[in-house]
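A.B. asks: Generate coordinates for the entire structure from the input sequences, incorporating the hints supplied.
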Amino acid sequence: MVANSILSLSNLIIGYNEPLAGPISLEVQNGEVIAILGISGIGKTTLLRTIAGLVPPIKGSCRLRVDKKGGLGYIPQNLGLVRHASVANNVGLGAGVRLEWTMFSERRKRIEEALKAVGLTEKASEPVRRLSGGQKRRVATARTLAQRPQLILADEFLSELDEGNASAVMEAVLPLVTQGSSLIMVEHNPKHVIRYASRVWWFHDETFTDLSAEEWEKFNPKGGEEA
Amino acid sequence: MMFRLYGAMTALIFLAVIVVNDLAGGDWGRLAGGFDNLVVFFNQSMWPPNWIIFDPVTYPVCKSRFEFMCSIGYSSMYETLQIAFASTIFGFMGAILLSPLAARNLRSNWIGVPVRILLSAIRSLPALIWAIIFVIVVGFGAFSGVLAMTLYTIGYLGKLQYETFEGMNSGPLEAGRAMGLSNFSITNNIVIPENSNHILSQLIFMFEYNVRHSTVIGIVGAGGVGFFINNYMKLMYYDRVFALLIMIFVVVIIIDFVSYIARSFVNEQGDVRRPSWLSAIMRMREKKASEPAD
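Chains as they are written, first to last, in my numbering: chain A, 1 to 227; chain B, 1001 to 1294.
Derived by calculation from the structure, the hints in this document are not laboratory data. Careful, some of the hints might be misleading.
[What the hints assert, rightly or not] Which residues of chain A face chain B? A few of them, derived with a C-beta cut under 8 Å, are:
id, residue
1, Gly-53
2, Pro-56
3, Ile-58
4, Gly-60
5, Lys-68
6, Pro-76
7, Gly-80
8, Leu-81
9, His-84
10, Ala-85
11, Leu-93
12, Val-97
13, Thr-207
In this text, a Cβ means the ideal position worked out from N, Cα and C, and glycines have one as well.
C.D. replies: So this is what it looks like as structure tokens:
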């Protein structure tokens, strides 16, 4: 175990009943941004879900060193928003999880800050079901921002966003990383990987490789079409 | 594929005919004279409906400004609606507390199975039997009707609700669980808001259902219009029974229209276009008008 390690994967084999990928042995430090790359169906989402504790590992261990309540932020591929609740209520779910229920003003402050960071302040009272796909992604991001978790797991949370909005969302998330939170994201866009990630977990040719972003760029000079 | 489907359907229909033949003792001749009997009975005993049910009763003396409000028709229907309303609200409160415990995706089987068995046990007795039980327990009158219908509503609405919860999108639940939200918080802040349109729709449906059933439980003395239907039938006042049935029919139709409008406030269709009162009444006509011209 390495000091400051927030996540340790040890000989982890992931999958639903049948092994899908592994064994994976890794350590994640505070403040790291990790991109998971690989073709569809290779196990990227399953790995995130295993880390989140939603799928039991087939073999090996996955140790998280975060607070049990609110230490982990998860943005699933389908975003996991409550469609009939308002934007503010969705963000409030994240804001409330690490606060006592009586801390109304702090909760409100966190919601306002998170919505401002993703540019959705005017949509606060709108039901999520009326928003566009891109706006929903920003709501899911705001929920995680308001939660202020130690580890963020994001499954393709920048897809469906245009370049400007993707940059704005990442700029909103990065201050959390600067404060010591770690981000593990499934990402297909090589530009985002090169710009934001410090490490890349690459599912490639039935193997799993842990690389720095620079090393991955050398492997994939075209910008990683298969990523 | 289609051949198999039609074959299976034919076999099932044939089986059903055999079962009915067995139940009727092979005497299909009973059907032949049946319709004539109904026509004679209707013409001689039921028609015309006797609207005396809307005349004020002579005792107790009517103190209301409108005499109509002292009639058997009005007071019994009012009591029926009161039973249906109170039992729907109390039943809903019971169901919304139990159904998250019964849903397989929200709780383990250690909690879920006993709650599901409890809901099934409540549902296994029809509202009429519950009414008989509560008439014995608390005596005749609308109070026993409310208790019986409340219990039945918990069983029925609880099942509808937990099946809705089980069918919900797993994304919000997984996000909530990964975040570390408590079971109570997940139910309160994710499950109920996410299914709010279904829950409200089922609540309105349950009220309609309870209005119809509250008319029946009066037959065993649990209050409402059924009490008078039963009495008039015993006294062979079928024309008054027919008038009461027409009144129930009209009330149920009105509730159906109101619930159609109310549901539009909670479904996604209502975001785009909310129906007017007129369109609730003239649904068929509006549908035809919206069809593309040939």
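A.B. asks: Now tell me, hint by hint, if it's right for this structure.
C.D. replies: Tested hints:
1. Gly-53: holds (7 Å)
2. Pro-56: violated (13 Å)
3. Ile-58: This interface hint is violated because 19 Å lies over the 8 Å limit.
4. Gly-60: violated (20 Å)
5. Lys-68: Where the cut-off is 8 Å and the nearest Cβ of chain B is about 6 Å from Lys-68 (chain A), the hint holds.
6. Pro-76: holds (5 Å)
7. Gly-80: Because about 3 Å separates Gly-80 (chain A) from the closest Cβ in chain B, which is inside the 8 Å limit, the hint holds.
8. Leu-81: holds (6 Å)
9. His-84: holds (5 Å)
10. Ala-85: holds (4 Å)
11. Leu-93: holds (6 Å)
12. Val-97: holds (5 Å)
13. Thr-207: violated (28 Å)
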